[in-house]
Structures are given as C-alpha cells and as structure tokens.
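Dock chain B against chain A, hints included.
Each chain is listed here by its residues.
Number of protein chains: 2
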Amino acid sequence: MQISINANRCEPSPMRKFHPLAVAAKKEGKKIYHLNIGQPDLPTPPAFYEAVHDFCDRTLEYEASPGRPILIDAVKNYYKELGVSLEDNDILITTGGSEALLFTCLSILDPYTEVIIPEPYYPNYTTFVHAAGGVIRALPTNPWEGYRYANRERIESLITPNTRAIMITNPGNPTGVVLDQKEMRMIADIAKEHNLFLICDEVYREFCYDDKFGVPTMAHFRDIDENLVIIDSVSKRFSACGARVGCVVTRNKQLQAALLKFCQSRLAVATVDQVGAAALYSVDHEFFRICKEEYRRRRDTVVTKLRQIPGVVVEEPMGAFYVMASLPVDNADKFQRWLLEKFSDRGDTVMFAPGAPFYETPGKGINEVRIAYVLKQEDLERAMDVLAKGISLYQRQVMNVKAHAVD
Amino acid sequence: MQISINANRCEPSPMRKFHPLAVAAKKEGKKIYHLNIGQPDLPTPPAFYEAVHDFCDRTLEYEASPGRPILIDAVKNYYKELGVSLEDNDILITTGGSEALLFTCLSILDPYTEVIIPEPYYPNYTTFVHAAGGVIRALPTNPWEGYRYANRERIESLITPNTRAIMITNPGNPTGVVLDQKEMRMIADIAKEHNLFLICDEVYREFCYDDKFGVPTMAHFRDIDENLVIIDSVSKRFSACGARVGCVVTRNKQLQAALLKFCQSRLAVATVDQVGAAALYSVDHEFFRICKEEYRRRRDTVVTKLRQIPGVVVEEPMGAFYVMASLPVDNADKFQRWLLEKFSDRGDTVMFAPGAPFYETPGKGINEVRIAYVLKQEDLERAMDVLAKGISLYQRQVMNVKAHAVD
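The listed protein sequences correspond, in order, to chains A and B.
Numbering follows numbering that gives the first Met the number 0, in which position 78 of the first sequence is assigned residue number 77; successive positions increment by one, without gaps.
Numbering follows numbering that gives the first Met the number 0, in which position 18 of the second sequence is assigned residue number 17; successive positions increment by one, without gaps.
Just chain A, with the same shape it has in the complex (with noise of 0.2 Å):
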C-alpha cells in the first residue's frame, strides 16, 4: 500500500508539532504560554451560545449544502455595512475558512499548476494547495522590510504560462502586514491583466491598528468579479474558532458551480454551528471596537518587548494578531524543543511557531518565529520576559557550547 504524492507533499502543522513536549512539559509541572496557535482568548459573544441553546430541532438534519437561509443572510448583511452587494448564490458556507481554501485548490487546480503566495505565508495554505496537486510560487519579502510584498515587479516575475492564482492574506498571517488601498488595487489589476483567480483571505478583516485602512475587502473591486474569491470566517471575528463556520465569497458563476459540487459532496456544515454563527453577526459593532482595542495594547506589548532583547528584528505589524520576528538564535525549531524540554524560568516556558514552514524556500526562516498576541495583557508581558531569558541562557547554555551551530 502506498500513500498518495500529495499527501507526502504536505508536512505536519508547524503550530502543533511540539503538542507531544507540550504535553510532557505539562506533565512535568511546567506552565506553557502559548503563543504558537492563533487562538484567540477573548471571550465568545454570548448572542452563540445562546442561539445554539434554543435549538432543539426534533431530528438534527442536514442543513443545505449551500448553508442554512438565515446564514446566508447574515453573511450578506454583512457584506452590505461594508457596502459590498452580494447575491445569495455568491455565499457558500464552509466549515470553516480552511474548507473554504481546500475547496477553492481543488476547484481551479490542476497538477502541477502554480499559485504565487507573498512568503512567509499560513503554512496550512501548503496542505490545500499540495491536495489538489498544485505547486507554490513562494514571493520572497524580507523581516527589514517588514515581510511587505506588494510589489509589482516582483509579483509579475513570478507568473508562468501555469500560474492559476495569486493567493494573499490580509491582514497577514503570520506577518501582520496590511495592504493600503493602492496595493490592493494593484494586486487586482495584476490578476485582472493576467487573467488570474485572486484568493484573498480576508478572516482577519477587522483587525487593523491603523484606521487608515478601515475594514479591508477586495470585494469592493467590482471588475475582478470574475477574478476574486474571498476566504472568509467567524473564527476570529467573533472568537469563535470551534464553531468551524466559514464561507467562500465569488461572484464567478463557474467557480460557484464548482465549488458547490464540493460543498454537495460534503452534504453540509454543522446545524447547529450555523444557527449560531448567524447570531454572532447581530452583535454589535462595538465588540469589534473592544477586540481591536485588546489586540492593539497587546501588539504594542509584544513588539516594545521584542525590541528590548538585543538582535531580535521585528517590525510592527498592522494587523491580525501575529508578529513575525528573526531571533537571535541558530535555529527556532531547535530553540522550541529546548525551551519546552531543557528551559524553564521559575516553572515557566513559552511556545511560538518557528518560522521555516511559514517559508516555501529552503532555509528561509530558520532563525524566525510567529508569535501570536492571544493572551491576555499580563500573561504576554510574563511570556515575553520568559522568551527573554530563554534566548539568553540558550544562547549562553547551547550556542556557545556547541558553537559551530552558531552560523
């Protein structure tokens, strides 16, 4: 028996590979701040809960495989405040974004295709893509540039007779970054000009520190109807990860059909999930303002601590709730098992997502690191001074002794 090409294509999550220590150094007594999973902590909007505690349907169906009406709605609703006009066939619903992106890869994908994603990117975008027998044409950006890719000539050097798709996130994973209106702009017109799908995955769209870039959406852009799929969630929004209630967004009727075939195969996403789901969108706006808020004094946190360990590089991100940073340390993966087997100040480690599988190119991000800013204010101030002495005694305890690894 053999397993598919594919399949040993794609490589374990880079987020959850050190669950094992985790869980050895749990065991042993040590507290872990988890810094590794973008999950967020603030609480769900009660308005879920309480949604999903009034149905009591007599037998649980299947919903449509579209999504459930009252969703769909919802999601439209949705795409109205921020003055995009959607038709119901436009909306499929997803068990989360990630079905969502799989369904996208597997719908305009061909083996050996390509797509162009700005690097580091989510590396799960590896999995979808590798499933449908795709290839990624990784961007290259630069930690002292901010990890910025919204370059013209850069992208447009990419593009190949085989190159299907340009895949962004924005606000990014794992890098923060956020486009300005001209950039975008400029990503449209390059799909638009080379006849690309553009995948934006927009699940982070309403965390941006900067009010200059409002609540960001391609699908504003109405002459890459054609073009554009949107990738969208309640996951982060509404810190609602477990729900596993997504959709995708496109206006290309061949694309819809396509995708809608996955979506029958699948019969349809949880009932009950999306019953809440559709609750979550009447929560007022000011929850949004309160999470921004939250997630903005904690970036500040973050990146002012990040700063004081001397040979960190970092730039401030603009958006998600994710700094990448370069470490001054030989290779983050090594540091991670260190931290979690060898290292503990006062009972305490901490856990990031080392930086290489962010990175389609070989040796690229060795000596990076994503930190997600999921915790609360004292509980990062406390993860960061943990991180500090970390790097510090690693640096003394194993780079030192070992110092040929140093390079």
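Just so you know, the hints here were simulated from the structure itself, not pulled from any lab data.
Incorrect hints may appear among the rest.
Here are the simulated distance ranges between beta carbons [to be verified]:
#1 D56(B) with C55(A): 17 to 25 Å
#2 E49(B) with Q253(A): 42 to 50 Å
#3 L392(A) with I158(B): 57 to 65 Å
#4 L157(A) with E155(B): 47 to 55 Å
#5 T159(A) with N161(B): 23 to 31 Å
#6 K30(A) with I69(B): 22 to 30 Å
#7 E292(A) with N161(B): 55 to 63 Å
#8 A23(B) with I69(A): 15 to 23 Å
#9 P361(A) with H193(B): 36 to 44 Å
#10 I158(B) with Y111(A): 22 to 30 Å
#11 I69(B) with R336(A): 25 to 33 Å
#12 V22(B) with D56(A): 19 to 27 Å
#13 N88(A) with I289(B): 37 to 45 Å
For each residue, glycine too, the CB sits at the ideal point set by N, CA and C.
Showing chain B alone in chain A's frame:
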C-alpha cells in the same frame, strides 16, 4: 481563468439536483414526499441536545485536530463493545463520514490510480475519488441479482497495477446489500493478497434486518490491519446527520500520519458537535433496537408496495434504509422531472434519487431509482401509492405519446 480538470470530472449531487424544481413545486402548493435523501426522520436522542445545551466555554476554542479526547474515548468504547480493540491513534474524528472519505482518497490516491467500487454506489464517492485525481473501476451488479457484488472472480478481474483500493459500503447505500461473514472474509483476503487498501464505509452498521449479520464490521479481521480503513459516522446511527461528526479508523501508521496532516490543515472538527456526539455514544442499546424495528417495518412496506407495481424489479434489501429498484419507465431522471413539474395526485407528488448517477458505466441505471425509506409508515404508504399512480399516468401520457423514447 480555468476550473480544474478534477472539479470538471465531478457532477452535481443527484440527490440534490432537483432541489430547485422541488422548491417551485412547493410554491405551487404541491406536497412532496421526500424519498430522495438519506435523512433519517427519527428523533435525535435528547442526550445530544442536553450535552450541547450544557456547554458554555467562555471562548469557543479549536478542538485538538485528531478530535476531542472524550469523543475519541466514546468511539473507542463503542468499538470495544463490538469486540474491536482500538488505540487512541487509530481514530481520527472527522467532519462527518464525508470528510473521512475525502481525506482518505487524498491520502492514498494519485492521479490515474484506481479504486474498485461495486456499482451502483453512493454518488459522492465520485467526487472524493476524482478530487484526488483517481479513477473508479466499477464492479458491475444487477437488479435481478439483488445487486450482490461479492464475487471473487469479478473483483479480481478489475485489479490492475494501478489499483490502490477496494471501496465498499456495508450495509450498502444505495442497494441495502449486506455482506455475510464469508463474503467479508473473501473481500478482506483479496485486499490482503493484492496489497490494496480496503475502504469500508460502515456508517449503516446498526441497520441490518436479518439477525444473522449482527453488527458487521471488517475491523474484526486483525490480519488486514495494514489494509483496512473504516469510515464511520454518528449521522445515521443516532439520527444526527446535522452534527457532521464522523471518524476514520485505521491501524495503518503511515496512513494515520497522512490523514493527520489533512486533519491538522483544517484545524479541528466543530467543538459543540463533538460534545454532543460524545453524549450520543452513551445512548442505551434499546435505541438501536427501536430504530431497527421501525426501519424494518418500513422496508417491508416499501418492498411490498413496489412489488405490487407491474414491471418493477426489486429484491428485498437486507440493510441500511434504501431500496434500489428498476422502474417500468424510459428514464428515471425524466420521470422525476415530470413528477415535479406536471404531476400530482390530490396535490401530492414524490421524489426519489434517479439511478444513473449511482453508476460509473454509461447507460446503466437509467430506469432505476434509489428510494430512502425515511418517512413514517403512513407517509411511506401514501408516497408509494403516489409513485404507483405516477408511473401509470407517465406510461400513458408520456411514454405512449413519445413511443420512440421507450426502449
């Protein structure tokens, strides 16, 4: 922009393609008896809602990618009661049996590799196999043989160097065929001898109407640990389709690792549904007995009524809640359309799933239908009477007028 070849190789769901016509018919005031979708009508055990209504975590978080530990435990205990001993790692919780099937196909199929599937088969299998670039090699059966497929010679004649798996549904959808112990052993032997994966979709396991079958599962055969992949779900077992909770069970470590990568890429299965599903596994076995008795009575009604319609070919199905039958019409698809658009008996009409999409072989199943007996006794009787009247009128009005269409 192009749609992928594999998406183009998939078809819209035959169970759901008449949905727009059904909506139109309902708007005209027609009552439709739905025999087209395998959506059980029996009540979901209250344990599901009780657990879900008790759940109120402050933040609705991602669950672990392999599944919520209490649910994995519940599944393990359920199998233990069947006499099957499993380790935690042998079980991956999935978003319904559908996701288990998709991830299995993505994990073991390369483009142009082949899966042997007895036809007629559940049409969504096409989407799962084609999504991975695979090819279905159909194992032919016939209505007059009751669609039985366990024939060593026929199966082995389809094996090529590109065959990766044999895929069966036992008890069968759409045919209701149940394998006896000898047949199960024979198919296990073929998989073992030819080094093939054996994908057994056993989501209807509890629905066997002859006690000689017990609660059949291939998982008893420990000599095929490396070959076997069990697809499982709470949907039919507990009348909980809308929960979208299933699992994939395999003891093949390499396959476990491949499947886990896909599970990690979509992060988790919905949290509250896993909480509810875990509670379902505590339901008393009396629940299964009552369901089984109810479906057995319904099967008897449907088969008796079908046999009273002149020209219908039908064998008594032994399991699941479907019967596949050959109708005395020229084209079941056309007949379904006519039933929705042109026909009603005192305001009533009926929907089934036309047979052709259950076949890979072109031209087969044209006048066959799958009937899901998921309505209460009196509705089922009425539905079968409406079907009989529909056939009779269609034969006179459509088939006689357009005599050239009859063949």
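Tested hints:
no., hint, verdict
1, D56(B) with C55(A): 17 to 25 Å, "holds (20 Å)"
2, E49(B) with Q253(A): 42 to 50 Å, "holds (45 Å)"
3, L392(A) with I158(B): 57 to 65 Å, "holds (60 Å)"
4, L157(A) with E155(B): 47 to 55 Å, "holds (49 Å)"
5, T159(A) with N161(B): 23 to 31 Å, "holds (30 Å)"
6, K30(A) with I69(B): 22 to 30 Å, "holds (24 Å)"
7, E292(A) with N161(B): 55 to 63 Å, "holds (58 Å)"
8, A23(B) with I69(A): 15 to 23 Å, "holds (22 Å)"
9, P361(A) with H193(B): 36 to 44 Å, "holds (38 Å)"
10, I158(B) with Y111(A): 22 to 30 Å, "holds (29 Å)"
11, I69(B) with R336(A): 25 to 33 Å, "holds (30 Å)"
12, V22(B) with D56(A): 19 to 27 Å, "holds (20 Å)"
13, N88(A) with I289(B): 37 to 45 Å, "holds (41 Å)"
This entry satisfies every hint, going by the numbered hints stated previously.
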